[in-house]
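As a plain string of letters, each chain reads:
Number of protein chains: 2
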Amino acid sequence: MTTLNVAIAGYGTIGSGVAHVISQHGEHPDAKINLVGILEKDTQGVFVRSMFEQNPELFYENSEQLLEDKQVDVIVETIGGKDFARELITNALQRGKHVITANKDLIAVHGSELTKIARKNGRHLLFEAAVAGAIPVLRLLKDYLQVRDIQGIQGILNGTTNYILSEMESNDLSFEKALSQAQELGFAEADPTNDIKGFDARYKLVILTYLITGQWLTPEQITLEGIDHLELADFEYAERMGRHIKLVANLRLIEKGAQVYVLPLMIKKDDMLAKISGSTNAVTLSGKFSEDITLIGKGAGSLPTASAIVSDLNKVLRHPEPFPPPPTTEKLEIEPLEDIRFRHTLRFEVRDHPGIFGHIGGIFERHSINIYALEQLPQYHRIGKEGEEIVIFTLTVQDCQEGLVLRALKEINQAEYMLKPVVLLREIV
Amino acid sequence: MTTLNVAIAGYGTIGSGVAHVISQHGEHPDAKINLVGILEKDTQGVFVRSMFEQNPELFYENSEQLLEDKQVDVIVETIGGKDFARELITNALQRGKHVITANKDLIAVHGSELTKIARKNGRHLLFEAAVAGAIPVLRLLKDYLQVRDIQGIQGILNGTTNYILSEMESNDLSFEKALSQAQELGFAEADPTNDIKGFDARYKLVILTYLITGQWLTPEQITLEGIDHLELADFEYAERMGRHIKLVANLRLIEKGAQVYVLPLMIKKDDMLAKISGSTNAVTLSGKFSEDITLIGKGAGSLPTASAIVSDLNKVLRHPEPFPPPPTTEKLEIEPLEDIRFRHTLRFEVRDHPGIFGHIGGIFERHSINIYALEQLPQYHRIGKEGEEIVIFTLTVQDCQEGLVLRALKEINQAEYMLKPVVLLREIV
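Read top to bottom, the protein sequences are chains F and G. Per my numbering, the first sequence runs over residues 1 to 429. Per my numbering, the second sequence runs over residues 1001 to 1429.
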């Protein structure tokens, strides 16, 4: 009988979920996972109280006591935050304990250092639960798909933003209304910055990029755009082009390096990622030999996350020797966004008067940009405060490098009729 | 450096694909897979000729020579068929060679016997490529999701039928037209029986059931209905109820055993499986703790299948000791279809005259079956050869056990106005 002694650090919604899933898994005949300790300062919290009343002997008084506990094989870190968690994980690894964490912010920022410490001490540092909750994407990447020569990954990695985008699209809600609805339903936090600005998705992409390339990028190396600048008009114009808008985290390996970004993208309705609605997450893996594989599931939630952590526990139980790090790409040069070809759709908001299309057309002509589609819908015509006519229209240009469009936009944005700078939406070509 | 010596038996589209993928994988620094032999009678075939010209020394003269080749660690069987392949696999395992196969018919029928032989001889018998081609569902099931207490699996496991159903639905093609179009495009074989009658999906479900429950069912134990009795009217009536029709292979573990069947089902348009179109495959796994996970990818094709085989090769390379068999459910009692509750939609084709609804309603009343919805569209009214009015309508009854509906149908089908027996479409409740 193999046994694994686990201590949980941080006994909130995830930590208590882990304890619950472990207790349900006690029946495996050939292997056993024991919960032997809990580190949680606030023993009166809603998730912890009954556990503390029934098993006070499980609770450590401080982290030093946990680290000194020789019977502990693995620490499950579900405290969150950076400094304390980082110190705890470092110390745990150095004292020969395996660590499992769902702390994506920490791993995205300090993964390079922490995985080195784990390797040096011959211990597992696993973080399946840090990316896309219930979807076993890390597991697949590490154990299985690496032999298939992954060429790229595209994911909807943030449930909050996907929920908001779905609501804007299906129910014609403004961004603000969709966000406050998401907050009411518990899909978005009181301070939604991390989600709507794309930071959360970017952290996850850092981790996925490491698993595919063996290289730790800093989050800032990844081009990022959130979704809070999108308007209903974007969805309506996209709809007329047969497209949905999704916040996509993308890594594509190219000959000279990689394209890597988190951007709201237009996606053909038939594509799998376009069909993902609500707070669901999805990841599409592209290989050299296999066709695309898409994995879909809920991205968050106490039990799915806890279940991912227990999967990692089972991994440690079955393979006490840590896995080798992912094969490392020699050098991961990131292609500047300006050099990447997209199909760009530009949303204009202008003070209407004759000659605007001629002016824009002239600028495009000078930059050798071809217009692919143009649409102006009557519902996006209104009279402004000073009696002027205001219209919102979109213009799609033929595939070209982003830099070319940016240069044209620099001129266009200076025109006196422009009420705000052009909003850019891209489609992968 | 770990090395693995591989012989391929059967060098057609899949076998040559395996050789191709292996040749691309030779660069792994710490492990190497060598192709050391090929068994193929017809050395002039389109896939084999150039290989034979360049490497004639790789070719065995007969299977005995292959089996005697001491350097061979693993045999990849891509011959297909039953008798020869079965004998080859049996002999290979008995002589201490691992075996990897994509032969789902063989595994579904003789898996019980062959896995026993493999276990007795301490060798791997792997068949990732036998189910859903590029989708790593077996791998996930075996290594990972078993710790999550899988409660059920639902899959679109046959690309041919899904292609036909998609075409009927989206392009209003009759079954016959959609089938011949699939044949022209190479999505269906000249003799499509195996696909359209559901046999292929059933074989795959036998294998999935083994992996989840440790029990080998015989294919005949699984209730089966194909798709060749479906008509355009079914799709139009389903559409009006917000449903798509998919051929679904389903296993659901229940307290007293399992529900297991392959049936065309009505599925809500919002459900992930309803969104799978064309020749794509998909599998949804349901766990106790994790929310549903859906995996989507191409089900067949030379390189995806070869890639799945090479994944299995890597598994053997990294874990030379065979994995333990899946945990075995004590007894797998299959719930009779009659006892399962569905929402049933009944398609009637009748010689119209006053009193039919009254007659049907009376029979339902006697059986305590409630009507949930009823629809008769004008486009399904026509004049028959003898001048009689013929209508096709559908009637959906409230959730109840299948047996109840069958008893009512026994009476209804005898009515003189019935032009053919009622066609039943089910929805999981």
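Keep in mind that the hints were calculated from the coordinates and are not lab data. Positions of the beta carbon are idealized from the N, C-alpha and C atoms, including for glycine. Heads up, a few of these hints could be off.
If we take Cβ atoms under 8 Å as the criterion, some of the chain F residues that face chain G in the derived model are [claimed, not checked]:
1) SER180
2) ALA233
3) LYS269
4) ASP271
5) MET272
6) LEU273
7) LYS298
8) GLY301
9) PRO304
10) SER307
DEER-style ranges, computed between Cβ atoms [stated by the list, open to error]:
11) SER1174/G with LYS32/F: 31 to 37 Å
12) ASP270/F with GLU1321/G: 40 to 46 Å
13) LYS32/F with GLU1321/G: 50 to 56 Å
14) LEU1185/G with HIS367/F: 39 to 45 Å
15) LYS1120/G with ASN34/F: 32 to 38 Å
16) SER1174/G with GLU321/F: 42 to 48 Å
17) ASN1171/G with PRO336/F: 41 to 47 Å
18) GLU1231/G with ALA190/F: 51 to 57 Å
19) SER112/F with GLU1321/G: 30 to 36 Å
20) PRO1325/G with GLU321/F: 22 to 28 Å
Think about it this way: if two alpha-carbon atoms lie no more than 25 Å apart in a straight line, the pair counts; the simulated DSS-like pairs of lysine-lysine are [stated by the list, open to error]:
21) LYS1269/G with LYS32/F
22) LYS1268/G with LYS269/F
23) LYS1269/G with LYS269/F
24) LYS1032/G with LYS288/F
25) LYS288/F with LYS256/F
26) LYS1082/G with LYS1032/G
27) LYS1197/G with LYS1268/G
28) LYS410/F with LYS197/F
29) LYS1269/G with LYS268/F
30) LYS32/F with LYS1070/G
31) LYS82/F with LYS32/F
32) LYS1082/G with LYS1116/G
33) LYS331/F with LYS1032/G
34) LYS82/F with LYS116/F
35) LYS1410/G with LYS1197/G
36) LYS268/F with LYS1268/G
Check your understanding: Checking against the hints above, which ones are violated?
Key -> Of the numbered hints given earlier, those the structure breaks are 1, 2, 3, 4, 6, 11, 13, 16, 21, 26, 30, 31, listed in rising order.
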